[in-house]
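These protein sequence lines map, in sequence, to chains B and A.
For the first sequence, full-length UniProt numbering begins at 1 and goes up steadily by one.
For the second sequence, full-length UniProt numbering begins at 1 and goes up steadily by one.
Don't read these hints as lab results, they were simulated from the structure.
Hints are not guaranteed to be accurate.
Said to hold, decoys possible - Below 25 Å or equal to it, Euclidean Cα-Cα: the simulated BS3-like pairs (lysine-lysine) are:
1. A:K377 - B:K312
2. B:K270 - A:K88
3. A:K154 - B:K154
4. B:K377 - A:K312
5. A:K219 - B:K270
6. A:K154 - B:K219
7. A:K312 - B:K270
8. B:K154 - B:K377
9. A:K154 - B:K270
10. A:K219 - B:K154
To be verified - To give a feel for the contact side, a few chain A residues facing chain B, derived at Cβ under 8 Å:
11. K6
12. S17
13. P47
14. G228
15. L267
16. N275
17. A348
18. E350
19. I351
Idealized CB from N, CA, C, for every residue including glycine.
Number of protein chains: 2
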Amino acid sequence: MSVNMKRIQTIIEKLASISSVPGELTRLAFSAEDEAAHNYLIELCKPYDLSIRRDQVGNLFIRKSGIEDHLPAVTFGSHIDTVVNAGKFDGPLGSVGGLEILFQLCEQGVQTRYPLELIIFTCEESSRFNYATLGSKLMCGIANRESLSRLRDKQGNSLEEAMATIGLDFTEVDQVKRNAEEFKCFFELHIEQGPRLANERKTIGVVTGIAAPIRCIVKIQGQADHSGATAMHYRRDALLGGAELALAIERAAIDAGHSTVATVSNLNAKPGVMNVVPGYCELLVDIRGIHSEARESVFTVLQQQIEQVTAKRGLSIELQLISKDQPILLPDQMVQQISRAAQDLGYAYEIMPSGAGHDAMHMATFCPTGMIFVPSKNGISHNPLEFTSWEEIEAGIKVLQLVVLEQAEKV
Amino acid sequence: MSVNMKRIQTIIEKLASISSVPGELTRLAFSAEDEAAHNYLIELCKPYDLSIRRDQVGNLFIRKSGIEDHLPAVTFGSHIDTVVNAGKFDGPLGSVGGLEILFQLCEQGVQTRYPLELIIFTCEESSRFNYATLGSKLMCGIANRESLSRLRDKQGNSLEEAMATIGLDFTEVDQVKRNAEEFKCFFELHIEQGPRLANERKTIGVVTGIAAPIRCIVKIQGQADHSGATAMHYRRDALLGGAELALAIERAAIDAGHSTVATVSNLNAKPGVMNVVPGYCELLVDIRGIHSEARESVFTVLQQQIEQVTAKRGLSIELQLISKDQPILLPDQMVQQISRAAQDLGYAYEIMPSGAGHDAMHMATFCPTGMIFVPSKNGISHNPLEFTSWEEIEAGIKVLQLVVLEQAEKV
Numbered sequence: 001m002s003v004n005m006k007r008i009q010t011i012i013e014k015l016a017s018i019s020s021v022p023g024e025l026t027r028l029a030f031s032a033e034d035e036a037a038h039n040y041l042i043e044l045c046k047p048y049d050l051s052i053r054r055d056q057v058g059n060l061f062i063r064k065s066g067i068e069d070h071l072p073a074v075t076f077g078s079h080i081d082t083v084v085n086a087g088k089f090d091g092p093l094g095s096v097g098g099l100e101i102l103f104q105l106c107e108q109g110v111q112t113r114y115p116l117e118l119i120i121f122t123c124e125e126s127s128r129f130n131y132a133t134l135g136s137k138l139m140c141g142i143a144n145r146e147s148l149s150r151l152r153d154k155q156g157n158s159l160e161e162a163m164a165t166i167g168l169d170f171t172e173v174d175q176v177k178r179n180a181e182e183f184k185c186f187f188e189l190h191i192e193q194g195p196r197l198a199n200e201r202k203t204i205g206v207v208t209g210i211a212a213p214i215r216c217i218v219k220i221q222g223q224a225d226h227s228g229a230t231a232m233h234y235r236r237d238a239l240l241g242g243a244e245l246a247l248a249i250e251r252a253a254i255d256a257g258h259s260t261v262a263t264v265s266n267l268n269a270k271p272g273v274m275n276v277v278p279g280y281c282e283l284l285v286d287i288r289g290i291h292s293e294a295r296e297s298v299f300t301v302l303q304q305q306i307e308q309v310t311a312k313r314g315l316s317i318e319l320q321l322i323s324k325d326q327p328i329l330l331p332d333q334m335v336q337q338i339s340r341a342a343q344d345l346g347y348a349y350e351i352m353p354s355g356a357g358h359d360a361m362h363m364a365t366f367c368p369t370g371m372i373f374v375p376s377k378n379g380i381s382h383n384p385l386e387f388t389s390w391e392e393i394e395a396g397i398k399v400l401q402l403v404v405l406e407q408a409e410k411v
Numbered sequence: 001m002s003v004n005m006k007r008i009q010t011i012i013e014k015l016a017s018i019s020s021v022p023g024e025l026t027r028l029a030f031s032a033e034d035e036a037a038h039n040y041l042i043e044l045c046k047p048y049d050l051s052i053r054r055d056q057v058g059n060l061f062i063r064k065s066g067i068e069d070h071l072p073a074v075t076f077g078s079h080i081d082t083v084v085n086a087g088k089f090d091g092p093l094g095s096v097g098g099l100e101i102l103f104q105l106c107e108q109g110v111q112t113r114y115p116l117e118l119i120i121f122t123c124e125e126s127s128r129f130n131y132a133t134l135g136s137k138l139m140c141g142i143a144n145r146e147s148l149s150r151l152r153d154k155q156g157n158s159l160e161e162a163m164a165t166i167g168l169d170f171t172e173v174d175q176v177k178r179n180a181e182e183f184k185c186f187f188e189l190h191i192e193q194g195p196r197l198a199n200e201r202k203t204i205g206v207v208t209g210i211a212a213p214i215r216c217i218v219k220i221q222g223q224a225d226h227s228g229a230t231a232m233h234y235r236r237d238a239l240l241g242g243a244e245l246a247l248a249i250e251r252a253a254i255d256a257g258h259s260t261v262a263t264v265s266n267l268n269a270k271p272g273v274m275n276v277v278p279g280y281c282e283l284l285v286d287i288r289g290i291h292s293e294a295r296e297s298v299f300t301v302l303q304q305q306i307e308q309v310t311a312k313r314g315l316s317i318e319l320q321l322i323s324k325d326q327p328i329l330l331p332d333q334m335v336q337q338i339s340r341a342a343q344d345l346g347y348a349y350e351i352m353p354s355g356a357g358h359d360a361m362h363m364a365t366f367c368p369t370g371m372i373f374v375p376s377k378n379g380i381s382h383n384p385l386e387f388t389s390w391e392e393i394e395a396g397i398k399v400l401q402l403v404v405l406e407q408a409e410k411v
């Protein structure tokens, strides 16, 4: 079966143009623009014999019935929300690729034994609420109304308030949960977001497991003082405490090995003005790995360093755990199927772990799940320089199409 | 001559209530609230035989004529703009103290040979434009229209735009400059903003010199990457570069001795969201001391560390010098006069440098200038916990009153 690259390109470029910020692509979850992007995809489906449903948190389901429609669905998908100042492929690739598979089947009048379902998950990126894969977590019963009630975005809006702006009712989010029995399997096609495929000159990545993040906020209370009149030895400078922790976290991740990574993505000092010693500082910390113990060792170093920095600098430091997802191993049968498909289609492939988290890691708790990667030039993502060639995109969508049709038993 | 402490207290408390932010005292220069505070003081002067003038940048002059009114004026004053989330004494003390001296003379019908002039300088704090003592710099010819044309506040407003919101015309600021011949001397009464007087149990500080800041912004360009998918050794993390510089600056200030201090008051990372390695970071750096060479040594370390961090982390770092004021020594005759006045009034005093910058450092280039400190509890200022007792405030105002009346030759 073929794919229509012109259509794919048009849809991806159109999505890239729907942004909250002129001159860049920023489409945070639950924004008016994120909603407009969803509605654009829904409009595209209207000419086809597809059933469309959105759940209470905004997850979008586009279903093509099977000959035996009571059977569990062969599912696939990704997300379309973005980070701040994003690239155009992270999320849209798997979403638009899935759409293309459904359109082709409709256009060519092809039936499958199993029903097919494209899922576009809401709020995959943590950029708005410091909380990732919100839609898939709710759907798989990993998050619920209670666990989400304290989320706040940078403007201080709660999830309830953010959802209300696009007409969703937070009090209904527990209805988002579905049952594992509804799913035969799940596939996610995504850009790699790292440099391995490009370095190894491979077109397809077959994912063996997904590293998951430990995320926390470190709140450091010191004392705001006049920056000219306060001698160095009298200071309780919260920013310097934060700087020490950031460097210790980096060292710990390098020491941990097993491809463990750790990031302090913000170090927000208050009041943050020229003539005041910072009295308060907040760090966003993200620690990831496939190897649970290596990942845990970084968290342990952070806890130890907090004690040392507290004592040394007279600060008071609170460590607030935001989320701790478990690393996920994907089933060998899915790795095998995707590898075979890549080989049959003539694409060089690499069997590899995923450093980034994905909705697939929650779907893996429901049903056999596989992930397909295509290369990211220079490993860059979450950045306007993110780039994958249209040839590589075609390869990824064709592999996805093949494994989906095999699972769905095309007639 | 007496002072009316009830009136002083009322005016200081009233000024503390004029704020742009509910529940705290924030009255940045050129804000509507800063303007309201100026107008409040002007209203208070109306019943008295005082002439009131504001110049093109908003400096406020309240003058009581002398018997020989052509003589140079005995001047004194401070400022009333504040930092973000400020205390109530930093600035208002010297302003309200000066007002009280004028009110007493008017009420008691006392004449002086020399004219008296209270100056309330505009925009002393650097909190709005990362640029301190703007009003006195213009008045003393140390800044001019050209040197100020690039200033921007946190919202990106230029000084011209900020001034326009309160009806001032930036194109006229060069008319603010006055001539040294107009001034016989200048006194500034201020809280210490450090813990020395409190530690030494002294009521009055007699200032020998004013430490001046070197201020700069360090702009660090790295690369924004996915925080999960980018291996540690591929990263060009701007925040970590900033953390290393902040700690190096601290160490350099401690090593420099001579009471040199250095502060990184902000470390602003972009995009600053949980799942992105920071691609950009900006540091605000403030280095101060009375000892020029010690101060310079910290700046040199910063330059060296920038080279090292650039090489080590693959970053591109720009050091932008914002201002470099010269430390100022105050004339011995003023130190002597203030010491004598404190002694005559029965207050224990300490001869000491000022760590903080003040408008007095620019006035010192015009005329013999003296500074009087009162204690700051625990050395805290630029903070709502800033505290000086009303007894200490009375002591400071009485010393100011005595030296002003001696210089003005009360009849």
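Cross-check of the supplied hints:
1. A:K377 - B:K312: Given that 25 Å is the threshold and the Cα spacing comes to 23 Å, the pair holds.
2. B:K270 - A:K88: Holds, because 19 Å separates the two Cα atoms, which is no more than 25 Å.
3. A:K154 - B:K154: Holds - the C-alpha atoms of B:K154 and A:K154 are around 17 Å apart, at most 25 Å.
4. B:K377 - A:K312: 24 Å, holds
5. A:K219 - B:K270: 19 Å, holds
6. A:K154 - B:K219: Measuring from Cα to Cα gives roughly 24 Å; hence the hint holds.
7. A:K312 - B:K270: 29 Å, violated
8. B:K154 - B:K377: Status violated; Cα separation ~31 Å.
9. A:K154 - B:K270: Holds, because 14 Å separates the two Cα atoms, which is no more than 25 Å.
10. A:K219 - B:K154: 23 Å, holds
11. K6: The hint is violated - A:K6 has no Cβ within 8 Å of chain B, the shortest such distance being about 29 Å.
12. S17: With a closest approach of 20 Å, the A:S17 hint is violated.
13. P47: 36 Å, violated
14. G228: Since the shortest Cβ distance to chain B is 4 Å, the answer is holds.
15. L267: At 5 Å from the nearest chain B Cβ, A:L267 passes the 8 Å test, so the hint holds.
16. N275: 5 Å, holds
17. A348: Cβ of A:A348 sits 20 Å from chain B, so the hint is violated.
18. E350: Violated. Min distance 14 Å.
19. I351: 16 Å, violated
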